[in-house]
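J.: The lines below spell out each chain.
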Amino acid sequence: MNDTPRRRRWLSIPILLGVFAVILLLALCAGSEGFTPGRLLSVLMNGQDSIAHTILFRIRLPRVLLGIAVGGALSLAGVMLQGVFRNPLVEPYTLGISGGAALGVCLNVLFRLSATLGSWTLPLAGFLGALASITLVSMLMLRRRFSSVRDLLLVGVMISFVCSSLVMLIMAISRDEDLHGIVFWLMGSLDEPNTFLIGLAAAVSLLALAVSWLFSLNLNAMALGEEEATHLGVRVELTKRVLFLLASLATGLSVSVAGVIGFVGLVVPHFMRLYVGGDHRLLLPASWLCGAAFLVLCDTLARTVFSPVELPVGVITGILGGSLFVYALSAGRTLSGGRP
Amino acid sequence: MTTSAERMVADAKARVQTLRARVAGHTRPRVFIQIGAKPLSTAGKDSFLNDLIDMAGGVNIADDTTFRVYSREAVLAANPDCILIVTMGMTGPDEKQKWGQYKHLAAAANQRIFMIDSALVCSPTPLDFADALVIITGLLHPEADASEGPK
Chain A
5 MNDTPRRRRW LSIPILLGVF AVILLLALCA GSEGFTPGRL LSVLMNGQDS
55 IAHTILFRIR LPRVLLGIAV GGALSLAGVM LQGVFRNPLV EPYTLGISGG
105 AALGVCLNVL FRLSATLGSW TLPLAGFLGA LASITLVSML MLRRRFSSVR
155 DLLLVGVMIS FVCSSLVMLI MAISRDEDLH GIVFWLMGSL DEPNTFLIGL
205 AAAVSLLALA VSWLFSLNLN AMALGEEEAT HLGVRVELTK RVLFLLASLA
255 TGLSVSVAGV IGFVGLVVPH FMRLYVGGDH RLLLPASWLC GAAFLVLCDT
305 LARTVFSPVE LPVGVITGIL GGSLFVYALS AGRTLSGGRP
Chain B
553 MTTSAERMVA DAKARVQTLR ARVAGHTRPR VFIQIGAKPL STAGKDSFLN
603 DLIDMAGGVN IADDTTFRVY SREAVLAANP DCILIVTMGM TGPDEKQKWG
653 QYKHLAAAAN QRIFMIDSAL VCSPTPLDFA DALVIITGLL HPEADASEGP
703 K
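These protein sequences, in sequence, are chains A and B. No gaps in the numbering here: position 198 of the first sequence is 202 in this note's numbering, and each next residue is one more. No gaps in the numbering here: position 91 of the second sequence is 643 in this note's numbering, and each next residue is one more.
I should point out that these hints are in silico values taken from the structure, not numbers from a laboratory. A quick note: this is a predicted structure, and the numbers were derived from the prediction, not measured. We treat Cβ as the ideally placed atom computed from N, Cα and C, and that holds for glycine. Mixed in with the good hints there might be a few duds.
Stated by the list, open to error - Derived coverage of chain B by chain A (criterion: at least 3 residues anywhere in the stretch with Cβ under 8 Å from a Cβ of chain A; other residues may be distant):
1. 567-579
2. 616-625
Stated by the list, open to error - 20 Å max Cα-Cα, derived EDC-like pairs, lysine to aspartate or glutamate:
3. Lys-244(A) - Glu-231(A)
4. Lys-650(B) - Asp-180(A)
5. Lys-648(B) - Glu-196(A)
6. Lys-655(B) - Glu-196(A)
7. Lys-597(B) - Asp-646(B)
Given these sequences and hints, build the entire structure.
T.: Following this line, the structure appears as structure tokens:
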């Protein structure tokens, strides 16, 4: 690698930060009560006693923060898993994590826990469901019954299938009024007024960024192959376990707060590999930034396109993410070129 | 000869007429009716909940849409005078507390966030409809009730 592309690659962080800032501004301005940037400033400075201030600080800002946390966490989880397993198809959802979370939430709705005990039990049930499938997958992985990535992926996909069949079973026997809630939860939403959950998601997202960055050199070495990495002095098993658990926890928490938001964990890491290359020191923060910006942008579209009706954000991420990615691939770039 | 069923229907119709007359001419409060928490959903035009609000002398802020899912932000922007929470598969007190946090919302500032039992308003018979109308009219127009007393 000569110096010019390297410099250009490190320049991509300030560029991403710029894009991120523009999207944040757009997300805060756009909505059923649209603000111009000037109005935004005046509301920020001296609008304490207005509805506009409430909308900005109690609705839009929490949503944007949750979007940053969840988008960043899901993308990071994708980078970590793809790096550890050296397989482009591994992402939080192909390992059955979201399937488990979805099943947890459906069981909660079926047994009316959120109606009797409070809505806080909904994310808890999602998290326990995610934890259950993580435990299952990691037990299988740690026992080395499934030593190859292919086996692990197959197990993950099967767990997803079993979970989604059970979800459909629950939907078939659930009450009409519950059905609506389940369907929308499965499509994801960032409408979560609970500030504690938003804070928790943000903390876990930042923690995942910091911890995974400490392992970025290990990931770079592991890109050469596990044996080569071991010869270079990398503790491969430790790296695998830590990053797998970290990715699982970040996904489990994201899914339980915001529902199933697909494609971010799969598409953003690939996109960033195309643009910044395979160096994890750069790839990890770049993916976090890009995932956060992408989800905030999708959520802004979801809540403004058909305002006052809100579209499920998972639908937008799927349509936008999938088509952008196919376009990027067909525009002449290949995945293998950017592979670590 | 009128059957007992016809008498009951005629009686319910009369009650509806009385209530409508009672609130005629009063200022019509703007109302948001919440029928689901996740996602936040409401009853728009072409729903009988919309008819109930209209007959009770209120204006449904969501009467321009037929979709159920509604944005929380749009509710704040519309700033309704009154919020009715139909406790259907969700915890009413939780939702009431969430709306109560928005101090600049007229409904929260004037403490006009009410819960309604879903059994009453969600599968109406002609008699239930009249009962529901009595309750909603009372909530939307406490001044009319106070002067004439509920039927």
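J.: Tell me, in ascending order, the numbers of any earlier hints that this structure violates.
T.: Hint check: 1, 4, 7 fail, others pass.
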